[in-house]
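Undergrad: Protein chains in written order, with full-length UniProt numbering: chain A, 1 to 363; chain B, 1 to 131.
Read the hints as simulated data drawn from the structure, not as lab findings. It should be emphasised that the depicted structure is a prediction, and the values quoted were computed from it without experimental measurement. Honestly, I wouldn't trust all of these hints.
[Unchecked claim] Derived pair list, reagent style EDC-like, types lysine to aspartate or glutamate, alpha-carbon separation capped at 16 Å:
1. B/K65 x B/E35
2. B/K12 x B/E56
3. B/K18 x B/D109
4. B/K65 x A/E319
5. A/K76 x A/D121
6. B/K65 x A/D181
7. B/K12 x B/D109
8. B/K12 x B/D87
9. B/K65 x A/D225
[Unchecked claim] Which bits of chain A does chain B cover? Going by a derived footprint, with three or more residues having C-beta under 8 Å, they are:
10. 24-37
11. 290-301
Just so it is clear, CB atoms sit at the ideal spot from N, CA and C, and this is done for glycine as well.
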Amino acid sequence: MGLRTPLYSEHERLGARIVPFGGWDMPLHYGSQLDEHHAVRRAAGMFDVSHMQPVDIQGADATSFLRHLLANDVAKLKEPGKALYSCMLNQAGGVVDDLIVYAREPGRYRAVVNAATADKDIAWMQRHADGFAVQIDRRSDLAMIAVQGPEARDKAMAGLPADLRAPAAQLKPFFATEAADWFVGRTGYTGEDGFEIMLPAEAAAPLWRSLLDAGVQPCGLGARDTLRLEAGMNLYGQDMDEAIGPLESGLGWTLAWEPAERDFIGRDALTRLRDSADRRSFIGLILAGRGIIRNHQKVLSEGREVGEITSGGFSPTLERSIALARVEPGIGDHCDVEIRGKAVAARVVQPPFVRHGKARVAL
Amino acid sequence: MSEVPADLRYTKTHEWVKDNGDGTLTVGISDHAQEALGDIVFVEAPEAGRTLEADEACAVVESVKAASDIYAPLAGEVVEANAVLADAPETINTSPYEDGWIFRIVPADPAAFTTLLDAATYEQAVEDEED
């Protein structure tokens with residue numbers, strides 16, 4: 001049996017199919033993964049993401065510590081509440097984890113890391129905190145609910161504490177606001193508008209029920225995966241990992257090369273790879289032929305293996321199979337994917353596939 | 001609890017088989033199988049005229065989660081595939097024993113039908129699997 005979030009009994013009551021994920025027992029779906037996916041694209045859905053781990057980082061050296069620890073630069077966070085997506089790299093330029101970091105008051109930050117990697121991540125942070133006046137606190141006391149979709153923010157409002165409603169309503173994308181132990185970010189992992197809400201564990205079930213009453217569709221990990229794939233967002237451990245860094249997983253945009261004197265972990269290795277002609281590309285694919293692309297299938301170009309599918313599946317919005325893949329440089333506009341022994345034609349596209357309910361690629 | 005109609009025969013790999021009484025058998029997947037797979041989004045059924053060995057992987061049912069092989073319950077020749085599934089693969093979810101059938105065959109040995117699992121035995125096999 002895995003760990004259970006404060007919402008486990010809510011999932012059971014709703015008839016969720018529960019599966020193990022990153023050490024946790026989590027809902028895969030509540031009946032139909034496709035219905036859940038469409039609810040997020042068209043109206044509002046909610047996800048229990050309490051398995052993800054908030055980590056508070058504070059102290060006199062918190063900014064300089066994070067500027068050393070992360071490949072993106074927290075110095076960009078000039079306003080309180082602003083969020084930043086970043087990789088945390090090892091010295092070889094591989095990804096220890098990807099995370100979101102929010103600036104709070106000066107000298108105070110909150111990072112949110114993946115469930116399966118939380119222990120490793122916190123140990124890594126502690127190990128590199130030597131010489132920095134910084135305190136790192138794992139916030140296991142908090143639950144987290146993501147409410148996503150075009151109607152998500154409106155429907156979530158009534159469930160927020162009264163003093164957070166006005167500031168939450170005014171949040172710009174990728175900003176957060178907080179009061180007491182409630183923390184509301186206008187962020188997400190679906191390609192839709194919405195909130196990610198961290199809150200005390202005992203407040204999670206009442207918020208969940210308030211969202212249900214407002215007509216928000218409970219969604220499981222299955223829909224979370226198809227939504228993020230359509231949105232062209234990476235999944236740690238699948239699209240990138242400790243051996244595969246941001247330059248070969250479509251995350252070059254998250255690297256802050258300037259200022260040149262900022263010495264972040266992994267910088268030297270990344271610089272060498274950036275200048276290498278062998279650097280592999282990270283691409284989006286839409287299947288032209290019949291079938292469903294799955295992880296680890298081979299990408300072929302004129303019969304020759306040129307790469308691998310890192311995330312493949314069915315796009316409920318586009319009603320065809322899409323994928324993210326890592327391939328040799330210079331692949332061109334077309335390739336094949338080897339699906340169950342057959343080469344099936346695919347077209348190379350620039351992710352995202354879908355944003356805000358609309359196709360972003362030609363079909 | 002999933003539905004297991006008493007008038008059908010079954011396999012351990014979760015196909016059901018119906019004797020149409022005209023020398024043909026219809027094959028699909030059980031309610032238990034469709035529920036375990038989740039939303040079905042793609043079906044590749046065998047073409048009419050294809051000769052199948054018993055236990056041969058002859059069709060693919062793909063859900064949002066994974067691809068699953070469908071095995072021929074008996075040796076025989078395919079006479080028809082369910083054309084509905086090309087555009088509406090979710091029919092297997094909504095009607096696994098009726099509209100969601102996958103293909104029809106003429107068995108090489110008509111008597112082999114009775115060697116398949118009856119409903120009670122299949123139900124027991126599903127329960128054992130879940131324990």
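Undergrad: Run every hint past the structure and note whether it holds.
TA: Do the hints match the structure? See the list:
Annotation: proposed proximity of B/K65 to B/E35 holds, straight-line Cα distance about 12 Å (limit 16 Å). The hinted pair formed by B/K12 and B/E56 meets the criterion: a straight-line CA distance of about 14 Å does not exceed 16 Å. Distance restraint check for B/K18 and B/D109: the Cα-Cα separation of roughly 15 Å lies within the 16 Å cut-off, and the hinted pair is therefore satisfied. For the hint pairing B/K65 with A/E319, the CA-to-CA distance comes to about 15 Å; that is within 16 Å, so the pair holds.
This hinted pair does not check out: A/K76 and A/D121 have alpha carbons roughly 22 Å apart, beyond 16 Å. A distance of roughly 36 Å separates the Cα atoms of B/K65 and A/D181; the hinted pair therefore is violated under the 16 Å criterion. With a C-alpha separation of about 20 Å, the suggested pairing of B/K12 with B/D109 is violated against the 16 Å cut-off. Under the criterion of a C-alpha separation no larger than 16 Å, the hint pairing B/K12 with B/D87 is inconsistent with the structure, at around 28 Å.
Note on B/K65 and A/D225: the hinted pairing holds, with a Cα-Cα distance of about 10 Å set against a maximum of 16 Å. Coverage of the segment 24-37 of chain A by chain B holds [criterion: at least 3 residues with CB-CB distance below 8 Å; count 5]. As drawn, the segment 290-301 of chain A meets chain B at 4 residues by the rule of a beta-carbon pair under 8 Å; at three or more, the given contact holds.
Of the numbered hints stated above, those contradicted by the structure are hints 5, 6, 7, 8, listed in ascending order.
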